[in-house]
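Which chain is which? The protein sequence lines are A and B, in order. At the far end of the first sequence sits residue 484, using our numbering, and the numbering has no gaps. At the far end of the second sequence sits residue 484, using our numbering, and the numbering has no gaps.
Incorrect hints may have been included.
Repeated chains share a single entry, so a pair holds when one copy, or any two copies, can fit it.
As the list claims (entries may be wrong) - 27 Å max Cα-Cα, derived DSSO-like pairs, lysine-lysine:
#1 Lys444 <-> Lys144
#2 Lys144 <-> Lys403
#3 Lys165 <-> Lys342
#4 Lys144 <-> Lys155
#5 Lys150 <-> Lys167
#6 Lys408 <-> Lys356
Quick caveat, the hints were computed from the structure, so don't treat them as lab data.
2 protein chains.
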Amino acid sequence: MKFIQADVLKQKPTDESKLGFGKIFTDYMFTMKYKVGQGWYDAQIEPHRPIAFDLATTVFHYAQGIFEGLKAFKNEKGEIRVFRPEENFKRMNRSAVRMCIPEIDEKLVLEGLFELLKIEKDWIPTSPGTALYIRPSIVATNVALGVHAGTEYLFFIILSPVGSYYAHGLAPTRLLVEDFYTRATVGGTGEAKCIANYAVSLRAGEEAAKKGFDQVLWLDANEKKYVEEVGSMNMFFVIDGEVITPMLTGSILPGITRKSCIELLKANGYKVSERKISIDEVIEAQAAGKLDEAFGTGTAAVISPVGMMEYKGRDYVVNNNEMGKITKWLYDTITGIQTGRLADTHNWVVKL
Amino acid sequence: MKFIQADVLKQKPTDESKLGFGKIFTDYMFTMKYKVGQGWYDAQIEPHRPIAFDLATTVFHYAQGIFEGLKAFKNEKGEIRVFRPEENFKRMNRSAVRMCIPEIDEKLVLEGLFELLKIEKDWIPTSPGTALYIRPSIVATNVALGVHAGTEYLFFIILSPVGSYYAHGLAPTRLLVEDFYTRATVGGTGEAKCIANYAVSLRAGEEAAKKGFDQVLWLDANEKKYVEEVGSMNMFFVIDGEVITPMLTGSILPGITRKSCIELLKANGYKVSERKISIDEVIEAQAAGKLDEAFGTGTAAVISPVGMMEYKGRDYVVNNNEMGKITKWLYDTITGIQTGRLADTHNWVVKL
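Based on the provided sequences and hints, a complete structural model is requested.
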């Protein structure tokens with residue numbers, strides 16, 4: 133694989149408690165180009181530096197783009213540990229099909245990622261709760277204003293050392309149950325990790341943030357009845373001992389942390405249901421004292437306890453605004469497997 | 133306004149019959165930047181050339197962007213004529229609010245556009261059916277991976293001499309009525325001219341194109357019952373003498389050509405209804421011989437007759453696959469006003 137050396141390397145962050153999320157980027161990135169008739173070409177590792185785009189480029193006008201998010205960790209032995217990377221590139225190819233983007237060679241980009249990580253290993257933070265966040269993306273790069281799928285694309289992987297996704301760390305989050313705005317419908321792009329889904333969610337997110345909420349809890353677009361997801365996280369509820377997460381209906385992102393949680397819970401004897409769950413069911417359970425826990429799952433936040441939900445102007449406190457037992461067990465287990473503190477019982481970690 | 137001279141000017145197209153749509157761009161563009169705390173700044177006219185973007189820029193990851201489309205024409209006297217430009221910048225500000233993008237000073241960007249057009253007047257084609265297509269856009273330009281509205285933006289106007297939007301010109305189009313994929317829902321971003329809406333529509337459009345259709349006719353996302361729009365055009369049906377266009381429910385783009393058609397039709401004594409219209413009503417009218425005409429309206433295509441619609445595997449021919457009377461009258465009237473062939477009875481044209 134071609135490697136282009138950077139002239140100067142950046143100063144690495146000295147205080148890992150101040151990393152934030154997605155603000156600092158490493159020295160190198162992996163890139164690869166695509167042209168109709170030629171396929172993917174020019175896979176290389178090059179300095180992470182600005183690239184020139186004509187302002188008539190398709191992605192600026194029609195948002196044809198997809199991405200992924202995953203994390204790498206480093207243990208005391210200096211071993212680089214990547215959590216389920218093959219799942220991300222599989223999902224990326226499913227997103228690609230939905231968004232008329234050419235599929236990638238999963239093996240090739242995995243190799244590219246691993247090589248990039250080896251080069252950038254000194255950028256991987258090691259404090260508890262930190263990681264090297266990996267962002268693979270594809271955007272349409274041809275210059276044209278007709279509304280059509282692109283004829284040229286850029287695949288890239290950029291890296292960012294990160295701390296907690298939420299500024300308040302693991303403290304329970306406050307969710308606003310959104311009953312006006314919608315994120316996605318069946319027949320739409322909700323299950324694809326496409327950049328458009330995030331644009332659509334911005335306004336509701338900003339309005340919720342102004343009111344002091346961390347995230348929006350989306351309901352289904354048609355009936356505004358069933359819980360969907362949080363946009364950056366899938367949702368789980370523990371009701372009367374049953375762990376429930378909304379089933380994948382086509383409008384919900386099939387999260388890899390979601391999938392890992394389901395697998396872990398089942399392997400450890402928990403009753404897990406993937407099914408439709410209405411917001412009324414959640415609220416009734418809360419009223420009856422049966423809503424034991426609620427949490428979100430996602431690569432960025434890993435496992436995030438929910439402490440409070442507001443729906444139609446009323447507040448519903450979950451588990452005394454404290455992190456629940458299953459939530460904590462999942463957080464400890466997944467981060468333990470990721471960092472190597474616990475045995476990788478499911479063969480999820482790729483070690484470099 | 134600051135002006136940066138280009139070193140070399142491009143060769144202008146010599147054959148106006150081969151312009152296509154959005155493939156060729158002029159020498160200059162208008163740009164303006166935004167930073168939180170500073171507002172919009174650095175409005176200038178500069179050479180249309182590639183601009184450097186970090187690959188962690190918000191628009192590449194979360195598709196935060198909006199745009200507009202309008203046209204300028206030139207008559208024999210060399211007069212530049214712009215069709216309803218103030219309507220576009222009004223709508224752009226409405227889109228901005230929906231997408232958490234800072235609003236622009238409509239007067240300032242109009243002035244910027246007019247100055248740009250004066251500089252680029254030799255690029256305006258004059259053959260029938262051609263125009264200078266104007267594409268104002270705003271994209272989020274700050275470098276960050278958290279899912280939040282951007283803190284920096286780029287506004288730009290680029291120009292492209294264009295011919296017909298459809299390769300087949302004014303020949304009646306073939307529409308595929310889409311009953312699986314969805315474009316937008318009430319509570320979503322359908323009424324904003326945001327780049328995300330176009331990404332969401334790509335897959336259905338490509339599948340329709342493969343089957344030989346020009347466009348997808350979208351139905352409402354909830355019931356898949358009511359006609360919405362075509363993605364690049366609003367829809368009109370003439371049934372038993374009544375001109376019907378879907379009412380603006382929140383998921384349909386409020387087209388400026390749509391609005392102009394309604395105003396023209398009303399001023400000329402036609403019965404026009406903005407109301408919900410189900411696909412069943414359209415099909416029943418066709419079966420009863422009462423679907424006199426169907427057409428789409430949009431800046432790019434102006435007025436486009438519909439000759440055939442396929443719905444659930446059955447074909448429905450409209451008006452013998454010929455352009456109808458009202459369709460032709462609207463096309464002639466709007467293009468007549470735009471180019472100056474007809475009197476500008478509604479004061480729609482800005483002359484430079």
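Inset, instruction - Please work out whether the CA atoms of Lys165 and Lys342 approach to 27 Å or closer within one copy, between two copies, in both situations, or in neither? - result: between (40 Å within a copy, 25 Å between copies)
Inset, instruction - At 27 Å max between alpha carbons, let me know whether Lys144 reaches Lys155 within a copy, between copies, both or neither. - result: within (13 Å within a copy, 43 Å between copies)
Legend entry - Intra- versus inter-copy proximity for Lys356 and Lys408 (alpha-carbon distance at most 27 Å): Both. Shortest intra-copy (12 Å) and inter-copy (22 Å) distances satisfy the 27 Å Cα cut-off.
Legend entry - Homomeric proximity label, Lys150 with Lys167: Cα distance no greater than 27 Å: Between copies only: 23 Å across chains, 41 Å inside a chain, cut-off 27 Å.
Inset, instruction - Up to 27 Å between alpha-carbons, please classify Lys144 paired with Lys403: within, between, both or neither. - result: Answer is neither: 45 Å inside a copy and 69 Å across each miss the 27 Å cutoff.
Inset, instruction - Evaluate Lys444 and Lys144 at a C-alpha cut-off of 27 Å and name the case that applies: within, between, both or neither. - result: neither (46 Å within a copy, 59 Å between copies)
Of the numbered hints given earlier, the model fails hints 1 and 2; all others are met.
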